[in-house]
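2 protein chains.
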Amino acid sequence: MRLILIGFGAVGRGFAEILRDKAKDLRAKHDFAASIIGVVTATRGSLYCADGLDIPALLSAAKAGSFASYSASAGLRRGLSGSDMIKLGAADALLELSPTNLKTAQPALETCYRALDAGLHLALANKGPVALHYADLQAQAAARGVQMRCEATVMAGTPTMQLAQEALAGCQITGARGILNGTTNYILTQMESGASYQAALEKAQALGYAEADPSGDVDGWDAAGKLLILANALFGSRLTMSDLQVSGISGISADDIHLAREQNQHYKLVAQASPSGGTVKAQRLPATDPLASVAGTTNAITLETDLLGAVTLIGAGAGSRETGAALLADLLAIHRGACNQAGASA
Amino acid sequence: MRLILIGFGAVGRGFAEILRDKAKDLRAKHDFAASIIGVVTATRGSLYCADGLDIPALLSAAKAGSFASYSASAGLRRGLSGSDMIKLGAADALLELSPTNLKTAQPALETCYRALDAGLHLALANKGPVALHYADLQAQAAARGVQMRCEATVMAGTPTMQLAQEALAGCQITGARGILNGTTNYILTQMESGASYQAALEKAQALGYAEADPSGDVDGWDAAGKLLILANALFGSRLTMSDLQVSGISGISADDIHLAREQNQHYKLVAQASPSGGTVKAQRLPATDPLASVAGTTNAITLETDLLGAVTLIGAGAGSRETGAALLADLLAIHRGACNQAGASA
Numbered sequence: 001m002r003l004i005l006i007g008f009g010a011v012g013r014g015f016a017e018i019l020r021d022k023a024k025d026l027r028a029k030h031d032f033a034a035s036i037i038g039v040v041t042a043t044r045g046s047l048y049c050a051d052g053l054d055i056p057a058l059l060s061a062a063k064a065g066s067f068a069s070y071s072a073s074a075g076l077r078r079g080l081s082g083s084d085m086i087k088l089g090a091a092d093a094l095l096e097l098s099p100t101n102l103k104t105a106q107p108a109l110e111t112c113y114r115a116l117d118a119g120l121h122l123a124l125a126n127k128g129p130v131a132l133h134y135a136d137l138q139a140q141a142a143a144r145g146v147q148m149r150c151e152a153t154v155m156a157g158t159p160t161m162q163l164a165q166e167a168l169a170g171c172q173i174t175g176a177r178g179i180l181n182g183t184t185n186y187i188l189t190q191m192e193s194g195a196s197y198q199a200a201l202e203k204a205q206a207l208g209y210a211e212a213d214p215s216g217d218v219d220g221w222d223a224a225g226k227l228l229i230l231a232n233a234l235f236g237s238r239l240t241m242s243d244l245q246v247s248g249i250s251g252i253s254a255d256d257i258h259l260a261r262e263q264n265q266h267y268k269l270v271a272q273a274s275p276s277g278g279t280v281k282a283q284r285l286p287a288t289d290p291l292a293s294v295a296g297t298t299n300a301i302t303l304e305t306d307l308l309g310a311v312t313l314i315g316a317g318a319g320s321r322e323t324g325a326a327l328l329a330d331l332l333a334i335h336r337g338a339c340n341q342a343g344a345s346a
Numbered sequence: 001m002r003l004i005l006i007g008f009g010a011v012g013r014g015f016a017e018i019l020r021d022k023a024k025d026l027r028a029k030h031d032f033a034a035s036i037i038g039v040v041t042a043t044r045g046s047l048y049c050a051d052g053l054d055i056p057a058l059l060s061a062a063k064a065g066s067f068a069s070y071s072a073s074a075g076l077r078r079g080l081s082g083s084d085m086i087k088l089g090a091a092d093a094l095l096e097l098s099p100t101n102l103k104t105a106q107p108a109l110e111t112c113y114r115a116l117d118a119g120l121h122l123a124l125a126n127k128g129p130v131a132l133h134y135a136d137l138q139a140q141a142a143a144r145g146v147q148m149r150c151e152a153t154v155m156a157g158t159p160t161m162q163l164a165q166e167a168l169a170g171c172q173i174t175g176a177r178g179i180l181n182g183t184t185n186y187i188l189t190q191m192e193s194g195a196s197y198q199a200a201l202e203k204a205q206a207l208g209y210a211e212a213d214p215s216g217d218v219d220g221w222d223a224a225g226k227l228l229i230l231a232n233a234l235f236g237s238r239l240t241m242s243d244l245q246v247s248g249i250s251g252i253s254a255d256d257i258h259l260a261r262e263q264n265q266h267y268k269l270v271a272q273a274s275p276s277g278g279t280v281k282a283q284r285l286p287a288t289d290p291l292a293s294v295a296g297t298t299n300a301i302t303l304e305t306d307l308l309g310a311v312t313l314i315g316a317g318a319g320s321r322e323t324g325a326a327l328l329a330d331l332l333a334i335h336r337g338a339c340n341q342a343g344a345s346a
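The listed protein sequences derive, respectively, from chains A and B.
Note that my numbering gives residue 279 to position 279 of the first sequence, counting from 1, and the numbers run on in steps of one.
Note that my numbering gives residue 12 to position 12 of the second sequence, counting from 1, and the numbers run on in steps of one.
Don't read these hints as lab results, they were simulated from the structure.
Misleading hints may appear alongside valid ones.
As the list claims (entries may be wrong) - Derived pair list, reagent style DSBU-like, types lysine-lysine, alpha-carbon separation capped at 35 Å:
no. : chain 1 : residue 1 : chain 2 : residue 2
1   : B       : 29        : A       : 103
2   : B       : 281       : A       : 87
3   : B       : 203       : B       : 281
4   : B       : 29        : A       : 281
5   : B       : 63        : B       : 29
6   : B       : 24        : B       : 63
7   : B       : 103       : B       : 63
8   : A       : 103       : A       : 63
9   : B       : 103       : B       : 203
If you're wondering where the values come from, they're calculated on a predicted model, not measured in any experiment.
Isolated chain A, as found in the complex (with noise of 0.2 Å):
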């Protein structure tokens, strides 16, 4: 499978990683192999090579800062653009890597189409495209024949949407509750330690999980985006981000922590969606709640179904593996698709 990568951050990196150490046993296990044909970033330069690019000397250069360190080899192209790479008609599947937009999803959605109409299957860890136009993205994508896939965006690695689309096919999904911004979740958490929430936010920081200007997590606008994907992609919704409420921690007070932990409750910042809208707000859940007890940067998420009562799944909802794990488990559906195909031709 020859693949395009839009963006080379940390995720792009994870995901990089993670073909050149597992190249051996995905090809052993699953009859799976891929290469990394098209690398385009903001900043570092863009490579291109119809062969493949070599993925150590990739990484080093990424590291480096630019592609300029790149050695030069026979077919190698600099400075191409995504859609100059998707016109040239060698990749299977495009990677869009680059950075979340939630206002109008671009460039990223430009590019995804491109990459639909050009017969690409298409993967997705920039939640933009798919928090803002999922029904759209899918409708074009089964016309194509191709599949467009987003595990990455919600919750990481942790299978959320094939734990919801596939292994749940058979039941109807009525609803969908859960912790899905780990930073958040991470400042709750040290706040039941004792910290105060200017505190915690800033330890947050220091670690990396909050950005300088912390409001995307804080406020919930992360979680709202990943809660339009999920509403969207298991209730066939058409909802935007007018259809939810939502509201983030910085009003909760370390008194309002303790509160709660005396009564055997525990605040979450919990995201919650029905086929018809959805909210997201900081909520006292009783110790028995699946949900209560996901504590620092884990996330989790409650599916209720009409023929399993409630779901949880708990992992990881952060990191550049954790990410790049999740863009290698849909390039492995996309590849069982494929099979598929193939054995029902055959």
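With chain A fixed as given, assemble chain B onto it according to the hints.
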């Protein structure tokens, strides 16, 4: 997909009800349609019709206690064995739902081999064959180009096997630990609420969770059978009961439970496996362990993975409809034609 069911107890009836209730939905959503062409039972008789049995009539006859009350129609045959039905060559898949025998796996094991030899896909709710002969059955399925699936044998329809084998296909699973027996978990939860072991056991028996002879549950053997299935499926091991150290909960006193609670810990019967062996034993878990808050008859499993760390799945562990849902999930996976057999085969 034309199905033969061996056994038509609570699980078989739960599955048939789902097929009846979801037929339209499954066709629309997944282009999937299934008919039950044969049912073999130990005490109600057997029915076969290559054009498909009438599911409501089948359920009524089962409720009445004998298939004699199922109306005769063109093509209906009574009294055939499973082996007879397989030989007739009309079926696509066989569902082995007869009672579990963890000593010899018979007579189900023989039926499973006959089905695979005849090129039928196989889905099991009966734990015996996969607990004792997972690797051989999987190899035989692969040799015949069919699938052997057993989602229903572990945690009912909570999709443990699909999570491990498909959604986490890109990860190496290095360990598994779970609460795999709902009866003992119910008893331990009741004891935390103040009941004695004896009172909790009697309540579990009154509710139908525990049998008159509860030893299969309370001594850990049910959990051990499920652990063998998991170990052999996830690690490609060939473990047998002699590789497991198995103990139960009958040695746990109300005092033990309360002492643990005072230290914010919970007693759970934990089944734990690595590629080289496993244990089933009562353990004290800190409240921060995702398994600790799993209460009542709910089941849970934590898989340790190389790329994601711990991934935990929590959900129903029993119930006729919940287990029937697992059989449907297996058939949908077969329908998708996932060509990459279990990770164990590599």
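Hint-by-hint comparison with the structure:
Straight-line distance between C-alpha atoms of residue 29(B) and residue 103(A) comes to about 32 Å, which keeps the hinted pair within the 35 Å bound. Of the pairs offered as hints, the one joining residue 281(B) and residue 87(A) is violated, with about 60 Å between alpha carbons and a cut-off of 35 Å exceeded. Distance check on the hinted pair: residue 203(B) and residue 281(B) sit about 22 Å apart at the alpha-carbon level, within 35 Å; holds. A distance of roughly 33 Å separates the Cα atoms of residue 29(B) and residue 281(A); the hinted pair therefore holds under the 35 Å criterion.
A hinted pair counts as satisfied when its Cα atoms are at most 35 Å apart, and residue 63(B) with residue 29(B) qualifies at roughly 31 Å. Taking the CA atoms of residue 24(B) and residue 63(B), the gap is about 24 Å. The hint holds against a cut of 35 Å. Annotation: proposed proximity of residue 103(B) to residue 63(B) holds, straight-line Cα distance about 30 Å (limit 35 Å). The hinted pair formed by residue 103(A) and residue 63(A) meets the criterion: a straight-line CA distance of about 30 Å does not exceed 35 Å.
The suggested pairing of residue 103(B) with residue 203(B) holds, with an alpha-carbon distance near 29 Å, which does not exceed 35 Å.
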